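**Q** Make a model of the complete structure from these sequences and hints.
Chains as they are written, first to last, in the numbering used here: chain A, 874 to 1177; chain B, 1474 to 1839.
Hint data in this document are derived by calculation from the structure and do not stem from the laboratory.
Only a predicted model underlies this, so the values are computations on that prediction, with no experimental measurement involved.
The beta-carbon is built from N, C-alpha and C at its ideal position, and this holds for glycine as well.
Some hints could be false.
Computed cross-link-like contacts, DSBU-like style, restricted to lysine-lysine with a CA-CA straight-line distance of at most 30 Å [as the list claims (entries may be wrong)]:
| no. | chain 1 | residue 1 | chain 2 | residue 2 |
| --- | --- | --- | --- | --- |
| 1 | A | K1066 | B | K1481 |
| 2 | A | K1066 | B | K1603 |
| 3 | B | K1481 | B | K1576 |
| 4 | B | K1718 | A | K1066 |
| 5 | A | K1066 | B | K1797 |
| 6 | B | K1576 | B | K1657 |
| 7 | B | K1626 | B | K1584 |
| 8 | B | K1546 | B | K1650 |
| 9 | B | K1576 | A | K938 |
Simulated restraints on C-beta separations [as the list claims (entries may be wrong)]:
| no. | chain 1 | residue 1 | chain 2 | residue 2 | range |
| --- | --- | --- | --- | --- | --- |
| 10 | B | R1577 | A | R898 | 43 to 51 Å |
| 11 | B | E1527 | A | L961 | 40 to 48 Å |
| 12 | B | D1588 | A | V1084 | 26 to 34 Å |
| 13 | B | E1527 | A | S973 | 37 to 45 Å |
Computed footprint of chain B on chain A, listed as stretches where at least three residues anywhere in the stretch have a Cβ under 8 Å from a Cβ of chain B [said to hold, decoys possible]:
| no. | region |
| --- | --- |
| 14 | 1049 to 1055 |
| 15 | 1062 to 1068 |
| 16 | 1096 to 1109 |
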Amino acid sequence: MTSVTVDKAGPTRATPKYGSIKRDRAWALRWSFVFLTLFAFAFLIPPIYMFITSLKTSAEISAAKNPWWVFNPTLGNYIDLLAAPQYLIFFKNSAIVSVSVVVITMLIAIPAAFALSRMRFWGSATLATGVFLTYLIPETLLFLPLFKMFAVFNELTGIQLLNRWWVLLVVYPTLTVPFATWIMIGYFASIPKELDEAAIIDGASWMQTLVRVFVPVALPGIIAATIFAFTVSWAQFLYPLAFTTSIDQLVLPVGIITTLIKGDVFNWGQIMTGALLGAAPPLIIYAFLMDYYIAGLTAGSTKG
Amino acid sequence: MADVSIRKVFKRYDSVEAVRGIDLEIKDHEFVVLVGPSGCGKSTTLRMIAGLEEITAGEIAIDDIVVNDVPPKDRDIAMVFQNYALYPHMTVAENMSFGLRLKRFPKPEIKARVDEAARILDITELLDRKPKALSGGQRQRVAMGRAIVRHPKVFLFDEPLSNLDAKLRVQMRTEIKRVHQKVKTTTVYVTHDQVEAMTLADRVVVMNHGVIEQVGPPNELYHAPLTKFVAGFIGSPAMNFIPCKLEDAGDGLRVRLTGDYAFPVPQARVARYRPHLASPNLLFGVRPEHVAESRPHAEPGIHPFEVGLDVTEPMGMETLVYFKVNGAEVCGRVSPTAGAADNARMRLAIDMNNMHLIDDATGMVL
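**A** Here it is as structure tokens:
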């Protein structure tokens, strides 16, 4: 190892310049802290600003004093919002839609991912890639054709799908199913094949293998997909904006915008309050299932 | 318990032919080991018996019923996998009883069978644990327990000891043999380890490139291999192969290795070898234990010779010596007190009664 140094230095041997593991580590730590602080700052400023604003009266907000300080704190926005029946309807609609979409997504995506990752059939690999490709098509491109389809469907059958909250149960899975299937194919692939072969030999049918062996073992992956599906449904804006219009059919994100912005009058206090309260459910779910979520997304990375 | 018949079985994946027309009759209660290098088709054969792979051509029968189209669950077989494949979310007892519960056995029957299997395998105190709380050897026992409780017609083992460390592997090998003596179920066992094959099997099936090279009891394979592959695969250290010529020596024959080394063929084999007198591609095969230190008063057929050793490897109970003859590396086994040393000259003796003559062109032992 030192022979190179010796060659260069000739007969008088130069002292090689060594690095220091301790020093490298200290610097790595300093840099991580700098960037983590920057990121935390950037991500936390908006919700903090929302929270501060939600505690102000409309008068204080428009008074253009220090926006980072609450001079007359009030819970008025919260009380008004929670007392208004429409906000609770939005919340209820969002909850029903999101939970239902999660259930529908899982009922389709789990068997789909199982089939695509386990049953080798003609075209299964192409189909798996195809599933992912459908996810790449943006919703901004899809909502017009979907709207047209629903209109034509109405003309042909007389069944009205537009402006009904439950139409979202049909629309959202076009976003959630492909991605959930895709994450789960990845996770399922990390489960040893012998496990389901053992179940098959033990006498289990494909369905029993899936339900009694595969689902319990793949739970981290399934939970990751569940969180994803819930978040997408809960935060979806464009589709409900396009497909629902009546106040009693709206979900939370659209409801807040439609009812709290009247012409050019923005009720900032209540908008911020509504958005904060609306952000709470996904946050709570994340907090409880975070470990599973990470395990699901990094599946296979640590398997030897 | 049952016979297993494999008749003219082929397995083709897209462009690869993994198994190329094998025939094998496995008798009731028999312990048969399929052995061979990786990619020889042994695991594929086992998986076809299990029903995990479809059979491209030919047929497999269990208990005289052709099972080509019978799904695994209806074949009444049990399988032990290399990585154990225990259900991680179930306790040991639940793992073992899963198959019985699927078949809706009555609870007392399930408990009795699990307890019996646990007793045979000495894992009674582990029944309430989850697999992750078990050691490798214990997991392997549970995997065997899962097979035993089913009382299947056939046990299938797919390299069950390959994930264990060397010491545990030897222990579990004995354990598997002990269990087979107790439950006597027909067993097909796949391994790449020829020692496992030799120690466990009633009959060993040596496979290579998708065909069966030889089937026979362990000692027969060791002492009377039919092909060069079997001769080289069974035994450790492996048999020495040295290019040679067969010479006429009056009423006998001589094996000439080089200008210096030529040894007479035992009289009993002269008639057998004489037709190959002119063959160009002959190999002389001899096992390391038949190349030992020279002793006074040697028996007939044992011929002394002197060589320069390259390397010696003391193993404790014996010393392995390596030297070159006619371009081939040769290994011999000598007594540790025989005075073998690296780069030294040594007087050895070769036991021609245990020689093999191989036609390298056909790969057949003559």
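**Q** With reference to the structure, classify each hint as holding or not holding.
**A** So, going through the hints one by one against the coordinates:
Using a Cα cut-off of 30 Å, the hinted pair K1066/A and K1481/B holds, with the two alpha carbons roughly 28 Å apart. For a cut-off of 30 Å, the pair hint linking K1066/A to K1603/B stands: about 20 Å separates their Cα positions. Between K1481/B and K1576/B the alpha-carbon distance is near 33 Å, which puts this suggested pair outside the 30 Å criterion. Distance check on the hinted pair: K1718/B and K1066/A sit about 52 Å apart at the alpha-carbon level, beyond 30 Å; violated.
Proximity of K1066/A to K1797/B is assessed by CA-CA distance (about 47 Å); at most 30 Å being required, the pair is judged violated. A threshold of 30 Å between alpha carbons decides the hint, and for K1576/B with K1657/B the separation of about 23 Å falls inside it, so the pair holds. Distance check on the hinted pair: K1626/B and K1584/B sit about 21 Å apart at the alpha-carbon level, within 30 Å; holds. With a CA separation close to 26 Å, the supplied pair K1546/B and K1650/B stays within the 30 Å bound.
Proximity of K1576/B to K938/A is assessed by CA-CA distance (about 75 Å); at most 30 Å being required, the pair is judged violated. Look at R1577/B against R898/A: about 60 Å separates their beta carbons, and that is not inside 43 to 51 Å. As the Cβ distance of E1527/B to L961/A is approximately 58 Å, the hint placing it in 40 to 48 Å is violated. Checked against the given bound of 26 to 34 Å, the beta carbons of D1588/B and V1084/A, roughly 28 Å apart, stay inside it.
Taken as a hint, the range 37 to 45 Å holds for the pair E1527/B and S973/A, whose Cβ atoms sit roughly 41 Å apart. With 0 residues having a beta carbon nearer than 8 Å to a beta carbon of chain B, the region 1049 to 1055 of chain A misses the requirement of three or more and the stated coverage is violated. Against chain B, the region 1062 to 1068 of chain A contributes 3 residues with a C-beta closer than 8 Å to a partner C-beta. That satisfies the three-residue criterion, and the hint holds. For the region 1096 to 1109 of chain A, the proposed coverage by chain B is not satisfied: 0 residues have a C-beta within less than 8 Å of a C-beta in that chain, short of the threshold of three.
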